[in-house]
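> Chain by chain, the residues:
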Amino acid sequence: MADALSALFRRRGTKPWVGLALLAGVLLILPFMLAQAGTTWVRVTNLTILFALLALGLNIVVGFAGLLDLGYIAFYAVGAYAYALLASPHFGLHLPFWVILPMGALLACAAGVLLGAPTLKLRGDYLAIVTLGFGEIVRIFMNNLSQPFNVTNGPQGVTLIDPFRIGTFSFAKPETLLGLSFSGPIKYYYLLLVVMVVVIAVNLRLEDSRIGRAWMAIREDELAAKAVGIDTRNVKLLAFAMGASFGGIAGGMFAAMQGFVSPESFGLVESIMVLAMVVLGGMGNVWGVVLGAALLTFVPELLRHTVEPLQKGVLGRVVIEPEVIRMLLFGAALVLMMRFRPAGLFPSRARKREFAAGRGPEVP
Amino acid sequence: MDIFLQQLINGLTLGSVYAVVALGYTMVYGIIQLINFAHGEVVMIGGMVALWTIGALAGSAGLPPTVVVLAGVASAVPVCMLLGWSIERAAYRPLRGAPRLAPLITAIGISIILQNVALMIFSRNPLPFPQILPNPVFEVAGATISLVQIIIIATCLLLMGGLTLLVYRTRLGMAMRATSENPAVAGLMGIPIDRVISTTFVIGAGLGAVAGVLNGLYYGIVHYTFGAMLGLKAFCAAVLGGIGNMAGAMLGGILLGVVEALGTGYIGEMTDLCHVGFLSTALAERCARDGHVVLFGSNYQDVFAFLVLIVVLVFRPSGLLGERVSDRA
Amino acid sequence: MSTPLLDVLGVVKRFGGLTALAEVSLTIGRGEIYGLIGPNGAGKTTLFNVLTGLYVPDAGEVRLDDAPLPLKQPHRVVRAGVARTFQNIRLFANMTALENVMVGRHLRTRAGVFGAMLRTAATRAEEKAIAERAHALLHYVGVERHSNVIARNLSYGDQRRLEIARALATEPRLLALDEPAAGMNPTERLALGQLVGRIRADGTTVLLIEHDVKLVMGLCDRVAVLDYGKRIAEGAPREVQRDPAVIAAYLGVEAAHAA
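Protein chains in written order, with the working numbering: chain A, 60 to 423; chain B, 8 to 336; chain C, -5 to 253.
Calculated directly from the structure, the hints in this document are not laboratory data.
Because the structure is a prediction, the values reported are computed rather than measured.
Glycine is no exception: its CB is placed at the ideal position from the N, C-alpha and C atoms.
Hints may contain errors.
Claimed, not checked - Some chain B residues near chain A, calculated using beta-carbon distances under 8 Å:
| hint | residue |
| --- | --- |
| 1 | Arg107 |
| 2 | Leu108 |
| 3 | Ile112 |
| 4 | Leu172 |
| 5 | Leu320 |
As the list claims (entries may be wrong) - Simulated restraints, written as ranges between beta carbons of each label pair:
| hint | chain 1 | residue 1 | chain 2 | residue 2 | range |
| --- | --- | --- | --- | --- | --- |
| 6 | C | Thr13 | A | Glu323 | 54 to 64 Å |
| 7 | A | Thr218 | B | Glu276 | 48 to 58 Å |
| 8 | C | Gly136 | A | Leu87 | 44 to 54 Å |
| 9 | C | Arg102 | A | Leu173 | 47 to 57 Å |
| 10 | C | Arg57 | B | Gly275 | 48 to 58 Å |
| 11 | B | Ala289 | A | Glu323 | 49 to 59 Å |
| 12 | B | Leu89 | A | Glu323 | 51 to 61 Å |
Turn these sequences into a full structure, and let the hints steer you where they fit.
So, in structure tokens, the structure goes:
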């Protein structure tokens, strides 16, 4: 299915038109259908897209270049805090979003380069731990940079963040257009949808490019990649920087949508959640990753709405909290996928081959 | 009170716990080149099980506290050993020969599952660890050391010594070293590799269990997340010493503990902007009012381990005692 | 010998207490097929790894066209014009034959992430050129009918040829082949010999490590013999074959005296 989708996306102009139009149609009316069930579900969908964006960014790093980044959420945090600090009463700054978003992306990118430059020569598993450490450091700083000068406002976080605004058009206010009522979340939905389409296109194009091939070559055999003249350090750094920038943009959008950021949203758990999405969908496969993100945001949300009432009804109290179920789901996804479907539910072709072959070539 | 000596003592206590946990990482890494991400959770489970046992026994009969604590250890160790064995069996062994990242990702999954299972069984909240041992405090040259600290340091030294004997003086130890040197050849020589690997996990988990109990005794509190951070720091310690190298893990652990304690003790003073208060009048005023304007205080404690890790990996990836690993074509 | 292309000057490489290369010097002429032979463990592959930037030598230098090779950085060595293959074939196992060769074009092409994201006209033209050149190279080495086969699934001989095509894609001045005929049957060896001859005829100098004496003697213009990290002979294959030091190295000292 995922392959069919990607074929559909790449070969524009021929018969898959119908499928594409159908998909576009569904996506266009989706928020109004969801709104029938409650605005919560529109919000959940928005969150899903946001996580899909994050997962697509991480996919460049983990899926394409094969670098395990366990601190990816730090870049999301950088983007989110950049937006929060530059468009809220905290510093009294209210820059427009089209200034901050690129800035946030650039900042996240710089953070990625800063972290990557000294560490990317390390072996894969060391890199994983260093990035994890980096994520923790960022979180500790977010929590503590309220003293002696109040930069981040500590654990309380930053509130009253400006929504996206173009002139008098605000994404936060409901509006009626052509007899349809567009709530804030619905407006954000369309914005997110556009961004996601762009990010998917960028991912697909990168995959099928000179740089994309170099990433895959490094993932396959780093020494051989060096031996054909690829500057592996720079090319890996590029993957890191690209992934980080995507994270930064997603972070900015998150801050604007929520109107509130705090260190709580940027922990190790979130990093691992995004990783689980990439792993579940199939590392390196753009469509698989999107579906992985959808599954891992929607299913826990569904559980939250069903498991709790169910437990109350049957057992009289909540024995297993939905949050715990969610985490168990992530953990199980990681373990079971690696055990039984290591290439993901919707693997990229190259990854499928790789896992079928067993251990890849290694520097002896 | 002498801050330096005091922090040194605290650091040694902390560091010896790190060292014991780091041994668990380093032994497994040495033998199958896997970062056993779930090791920290095993340590945590050890602490939790001991808490249960101690809590159950302390209330009832008139058992001496030492016996109660020993019973706690005696209950935690087998549980953790079984856990370590099962993790290897269920999560890592099927993936031997898979691409390198696969078992690492599995390990992360196991870690999350264990954490949340612990949350379900024990509690979401921090639990007080019964402080039943008499804990007199001794004064040494202006600093203090408690009996619990002495017990912790002594236990850790004992464990390290015992493990060294095991690895260098027994047949099992020889098999472990041979397997880590070259599993294929070790197998050809008739060493049951699978059993050796399992044993390594079991020993590492047993050590972790003791570390978990010591950690509980020291801080007087256990929480379902404490293993993750402790585990990470211990891993940093293992890398600092040279991963795969047992002496390195011990040295790295103790060193990291000391660095962390001294760092935490001094960072506040070192980053007190009032040293450079002359740079701005506003700052000078604030200094006059508050006395200190500390840029980074002791709440940055957890940063040190990661900084050490990054610095080591960048400048000497093989660690202090590790051999230089070179790429071969 | 024609004008020199590659000068190896007093290269020393030690591993701990073991001296793998003891002041090895040799000169490869432009347009030559130069063979490097010697018993197992003589240091041939070590020298190869030094030449291609994988090992940093403890002393000595290597000059290509009289400019020092940047030996610390393999990718810059390739850029300077030395490409290699590996004794134990190292292809990008899960990419197709075509993709493998396309990766080889990385060095000589330029498109960056922005070009890729925007699919500019220049990027598209470059992509087309990369694919065309890759096809041409696959044809050149005779693997074209397998261009869409995953490298891992190719036959052993085809994998060796593919690796050569990938190396050629970097436009080397010196192509270094590490035991290219290992594991091949006589027919494949013959074809490989022809391919190497054609590569030289088309203007690329070839350095070759090989065990098959027949192949070396038939193919190489000159050979150097390494033994215990020292160069013990250099010259035309016929001369070297008669050199007592070489015979001693291969067969032992008594045999040399007997001859």
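> Next step is simple, just say for each hint if it's right about the structure.
Here is how each hint holds up against the structure:
1. This hint holds: B/Arg107 has a C-beta 6 Å from the nearest C-beta of chain A, less than the 8 Å allowed.
2. At about 5 Å, the closest approach between the beta carbon of B/Leu108 and any beta carbon in chain A falls short of 8 Å, and the interface hint on this residue holds.
3. Checking B/Ile112 against chain A: minimum C-beta separation of about 5 Å stays under 8 Å; hint holds.
4. Interface hint at B/Leu172: violated, since its Cβ lies 30 Å from the closest Cβ of chain A, which is beyond the 8 Å cut-off.
5. Against a cut-off of 8 Å between C-beta atoms, the interface hint on B/Leu320 holds, since the closest Cβ of chain A lies about 6 Å away.
6. Our hint of 54 to 64 Å for C/Thr13 and A/Glu323 holds, since their Cβ atoms are close to 59 Å apart.
7. The hint said 48 to 58 Å for the Cβ distance between A/Thr218 and B/Glu276, and at roughly 34 Å that hint is violated.
8. The hint said 44 to 54 Å for the Cβ distance between C/Gly136 and A/Leu87, and at roughly 52 Å that hint holds.
9. Remark: the range hint 47 to 57 Å for C/Arg102 to A/Leu173 is contradicted by a beta-carbon distance near 31 Å.
10. Between C/Arg57 and B/Gly275 the beta carbon distance is about 57 Å. The supplied range of 48 to 58 Å therefore holds.
11. Range check, B/Ala289 to A/Glu323: about 32 Å between beta-carbon atoms, so the 49 to 59 Å window is missed.
12. About 35 Å separates the C-beta atoms of B/Leu89 and A/Glu323, a value inconsistent with the hinted range of 51 to 61 Å.
Of the hints listed earlier, those the structure fails to meet are numbers 4, 7, 9, 11 and 12, in rising order.
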